[in-house]
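There are 2 protein chains.
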Amino acid sequence: MAILIHNCTALLMDGAGTVLENAFVAVDGAKIVSVGTGRPAGPFDQEIDGRGGVLMPGLVNCHTHVPMTLLRGYGDGHDLQDWLNNYIFPKEDRLDARAVRAGAALGLAEMIASGTTTIADMYYFCDGIAQECVAAGVNLNLARGTTVFTSGFDFETYPACVELRELTDRWHGYNGGQVLVDASIHGEYTSGPALWESVAAYAREKGLGMHVHVSETRSEQAACLERWGKTPIQVLDQYGVWDVRAIAAHCVWTTPEDWALMARKGISAIHNPASNLKLGSGVAPVPAMQKAGVNVALGTDGVSSNNSHDMFEAVKLAAILHNGVQHDPLAVLAPDAVRMATVNGAKALGRKSGQIAPGYDADLILVDFSRVNLIPCHDVYSNLAYAAHGSDVTMNMARGRVIYKDGDFLTIDIERVRREVAGYAVPLLFGAQQ
Amino acid sequence: MAILIHNCTALLMDGAGTVLENAFVAVDGAKIVSVGTGRPAGPFDQEIDGRGGVLMPGLVNCHTHVPMTLLRGYGDGHDLQDWLNNYIFPKEDRLDARAVRAGAALGLAEMIASGTTTIADMYYFCDGIAQECVAAGVNLNLARGTTVFTSGFDFETYPACVELRELTDRWHGYNGGQVLVDASIHGEYTSGPALWESVAAYAREKGLGMHVHVSETRSEQAACLERWGKTPIQVLDQYGVWDVRAIAAHCVWTTPEDWALMARKGISAIHNPASNLKLGSGVAPVPAMQKAGVNVALGTDGVSSNNSHDMFEAVKLAAILHNGVQHDPLAVLAPDAVRMATVNGAKALGRKSGQIAPGYDADLILVDFSRVNLIPCHDVYSNLAYAAHGSDVTMNMARGRVIYKDGDFLTIDIERVRREVAGYAVPLLFGAQQ
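Line by line, the protein sequences give chains F and R.
Under the working numbering, the first residue of the first sequence is numbered 1, with each subsequent residue one higher.
Under the working numbering, the first residue of the second sequence is numbered 1001, with each subsequent residue one higher.
Do not take every clue at face value.
Label-pair restraints from in silico Cβ distances [unchecked claim]:
no.	chain 1	residue 1	chain 2	residue 2	range
1	R	GLY1407	F	ALA288	53 to 61 Å
2	R	GLY1038	F	ALA135	42 to 50 Å
3	R	HIS1327	F	ASP406	41 to 49 Å
4	F	GLY176	R	ARG1419	41 to 49 Å
5	R	ASP1406	F	ALA135	29 to 37 Å
6	F	ALA422	R	ASP1079	46 to 54 Å
7	R	ALA1135	F	THR190	57 to 65 Å
8	R	GLY1423	F	LEU428	52 to 60 Å
9	R	ASP1028	F	ALA422	44 to 52 Å
For the chain R half of the interface with chain F, some residues (derived, Cβ under 8 Å), not all of them [as the list claims (entries may be wrong)]:
no.	residue
10	LEU1084
11	GLY1145
12	THR1147
13	VAL1148
It should be emphasised that the hints constitute simulated quantities derived from the structure, not laboratory data.
The beta carbon of each residue, even a glycine, is placed where N, CA and C say it ideally should be.
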């Protein structure tokens, strides 16, 4: 399918920060094939009028747990341990594959409508998540978060690791790379060296990425230091966990030594500002990590701790939060924050996307710059980072397929999803009273 | 005009935190006349179907400079003094009354579409701001920020004070209180005791409120302490500035002694989280102020330092920011943040609004809880504070007048505003090149 998007302002996200006026961007199949200011030779199966809009790479949400959309706002207002133990875990215990799919589809709808084209998800019931992403058209880095709380771990027979191998066989590289499987260690505090070593070896063998929660809370960090005399980044490094493309979610309590190691090894730090603030985890040292050469990308985390999948909100938080806490209006600038959600996110997930250039994945969104909240426009980056909302997205294209346009979901049967959530998933978790 | 809003979920914002299901709210003229679960006796000139929606008090934006909407994003990415001196001030010098009206109307459109019904504005060219608010239907606390940089100040002849008296005569109490005039001292650092004393005396004499910038930046605070040996709150108190209903914008660097004085005198602290973060000013001590008994309300500040007028964003920031920087997930809870934007804001501005109850101003908004980003709903406050966006507002009623519905502006000719901004105001400020 060949599609031409014409007469838009295109934010290329190339190294020069080019903003191309009166741009024509042509797509063939899943790829961008040309970018310029003149009309390219056709024919095109579809043309999209981009007038008044800014075309930019689709947003990359590098850390989420999309089925948790079912738990949006549940148990808010309780202390973290109370929230997890008495609200989240008991409900997660009741989940089944059908409910997970319903929650995933609902979360994906919210993401698509607010401009996300690619996600990195860590959860369980992973087949259902992959099926929903494939159906919705969204790019997925799929991770089955593994935990081990017992002794006698054996990679060959341990259920989560059996699942990792099955998922890898079934999904890794699916549909030209729409789905990539990342190996995953849930966190240092929920497993031990036997798991780390074997999962890391498997990732190296299969060419998978790695997705790990790292240094989210102060108490997690302190316990790790007490246990190992090292930070999570450093102790996991000993077992080869970072020898593949890797994303470390949160990194709130990481140290200068960690940043040096992360930069050297190419570990991406995934900043989840809303979740870290809401849960009282703290503020990740984003400017310092960037200065140390770490690739910083953005995530929403699960919406039970956010409670939104709107990546424009994450961009704004990343753009303003660090200025505020460091008393430095230049700590993070608008283009930095937009890069985190596009170029840096694509790099973190091992994807040729996040830019508008020939040969890149055709993951593209149109943002309606004629909305009252985006007038006037003195600077495109500034309006995107500080003034745009997910609701300003009027078109979402992932891998060359238009999946959302002018409020309509083109790949998700949203009424069916509503029925599944309200009629099946919520009653399953909360009983008939809800 | 009698209007009935029926079959909604009504968030009353009463002391008990009532969420009334299947609610019927009746409005007559500018006031709410009945609230209940049964259909009240009519007749009604208009009925609004509230199914799937949450009806709540309109949001109160307690600190803004609405004409600065023209400067959205201009000069971002520069240090504060550079930004003010080389970007903002030179452009403000070029403003005229027509451009101010265009900027005000544009900002009001953004505010209305995102659920704001009442604003406290501090700027100049105040007549135009009042005219635009009256036309748009928005409630206004109007303040002419006064500065004095010369000696020999005389209240009777000083232009800004002449203007204050004229504005008071013309606008204070206009249309049953739609417009209230607040006296205003721009800040401690931009004037001196002669102004403070005379403006405070005038406010007492006329029963006006008071609107002042207080302790926004560390350097402002340090200079005040050096000049007076006291904080801005304390030095202004000596001159009677706080002897009327008063709002102190920012309060980032206020002290425990300030909070005690603010609580005793009833000075409301206006928290502008986005602006304070973006400009690197810091994080206001909101939980501590609330614990000390200070009424804390919310503002966006001008959009040149935000860059958005979406009060839902301010609510979310207030709800998550303090948890994060204090490492306490309970520092601010969802209902606290919603109260700041409604009940507390109304109190700060001396208005009988911010609640849904008979006798209160009919300032009401409907939030569409059927949107994918608000599903499921386990808690109304939680979804409003963390998950809702201004774009989820489908109806805005101010003083009993529906001013926005389903994307349509009913009081603002938005195409005329676009033409005025693009055709007159922006060229006036930026020349023909823009």
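Now the hints, each set against the structure:
1. At about 43 Å, the CB distance of GLY1407/R to ALA288/F disagrees with the hint of 53 to 61 Å.
2. Between GLY1038/R and ALA135/F the CB atoms are about 45 Å apart, so this pair conforms to the stated range of 42 to 50 Å.
3. Separated by about 43 Å at the C-beta atoms, HIS1327/R and ASP406/F satisfy the suggested range of 41 to 49 Å.
4. In this structure the hint that GLY176/F and ARG1419/R lie 41 to 49 Å apart at CB holds, the actual value being about 47 Å.
5. In this structure the hint that ASP1406/R and ALA135/F lie 29 to 37 Å apart at CB holds, the actual value being about 30 Å.
6. Range check, ALA422/F to ASP1079/R: Cβ separation about 51 Å, and the 46 to 54 Å hint holds.
7. Between ALA1135/R and THR190/F the C-beta distance comes to about 59 Å, which sits within the given range of 57 to 65 Å.
8. Against the hinted window of 52 to 60 Å, the Cβ-Cβ separation of GLY1423/R and LEU428/F comes to about 57 Å, which satisfies the hint.
9. Checked against the given bound of 44 to 52 Å, the beta carbons of ASP1028/R and ALA422/F, roughly 36 Å apart, lie outside it.
10. With 8 Å as the threshold, the beta carbon of LEU1084/R stays out of range of chain F, its nearest partner Cβ sitting at about 11 Å, so the hint is violated.
11. Taking 8 Å as the C-beta cut-off, the interface hint given for GLY1145/R is violated, the closest approach to chain F being about 22 Å.
12. About 23 Å separates the beta-carbon of THR1147/R from the nearest beta-carbon of chain F, more than 8 Å, and the hint is not met.
13. Hint status for VAL1148/R relative to chain F: violated, with the closest Cβ pair at about 27 Å, above 8 Å.
Hints 1, 9, 10, 11, 12, 13, counting from the list given before, are not met by this structure.
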